[in-house]
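Mind docking chain B on chain A? Use the hints.
What follows is each chain in one-letter form.
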Amino acid sequence: DTGVSQNPRHKITKRGQNVTFRCDPISEHNRLYWYRQTLGQGPEFLTYFQNEAQLEKSRLLSDRFSAERPKGSFSTLEIQRTEQGDSAMYLCASSLAAGQGKTGYTFGSGTRLTVV
Amino acid sequence: QKEVEQDPGPLSVPEGAIVSLNCTYSNSAFQYFMWYRQYSRKGPELLMYTYSSGNKEDGRFTAQVDKSSKYISLFIRDSQPSDSATYLCAMMDAGNTPLVFGKGTRLSVIA
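Chain order of the listed sequences is A and B.
Residue numbering for the first sequence follows my numbering, starting at 93 and increasing by one per position.
Residue numbering for the second sequence follows my numbering, starting at 2 and increasing by one per position.
Isolated chain A (complex conformation) (with noise of 0.2 Å):
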């Protein structure tokens, strides 16, 4: 296993544009989280996805965003009309549920998204 993998790496779109992010998670764990990280701050919580269920959404995630985990494998991330303010590393990361505490989240490298 390689590990979390995101792609793209970078995206630049226009204002009023739909980007789509896609996270390919370490292939046993269970669960799956998208955190949005923006400079100088730490990643802030977005969305988590146990298996196929969504289970929890942050205030942050307005109703421009959508996340979906179908297969309770990949997940993508949608944004619709995009802001400059969207503009951000996103970032997806994955663990079991179970002992979390102990091994924390395996994070991917992050889509960093310019809104211009």
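The set of hints was computed from the structure by calculation and includes no laboratory data.
Glycine included, C-beta positions come from ideal geometry on N, C-alpha and C.
Heads up, some of the hints might be wrong.
Stated by the list, open to error - Computed far set for chain A versus chain B, every beta-carbon distance over 10 Å: (1) Arg156; (2) Ser158; (3) Asp178.
Claimed, not checked - On the chain A side, residues computed to face chain B include the following (Cβ under 10 Å): (4) Leu147; (5) Gly177; (6) Gly200.
Below, chain B without anything else, positioned relative to chain A:
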């Protein structure tokens, strides 16, 4: 007040120095405490975790948790230029709530 407070630095030290990084928190339900290291334009990687109060040592790194003061620390001995990165504290309770991160402290170790 944010749940987790961390001084963003930057912190610049000479090679070989002992580095002390700290976080405070407000949620007494936090039970698991972690330190992540993040290099520029990369995702965070887990350095150390500690459960509840106490110390944990791993090579040049020591993590300390004082739950009575809601204060955690990471010490780096004999710091190396390769330790130059942003260090993020993170914590979670014993349930299913996601990891909460501090802002991160940017560390530069100068050769």
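Results for each hint:
1. Arg156: holds, 21 Å
2. Ser158: holds, 18 Å
3. Asp178: Given a closest Cβ separation of 18 Å, the condition holds.
4. Leu147: Since chain B brings a Cβ to about 7 Å from Leu147(A), closer than 10 Å, the hint holds.
5. Gly177: violated, 18 Å
6. Gly200: Given a least distance of 5 Å, the restraint on Gly200(A) holds.
Consistency with the previously given hints fails for number 5 only.
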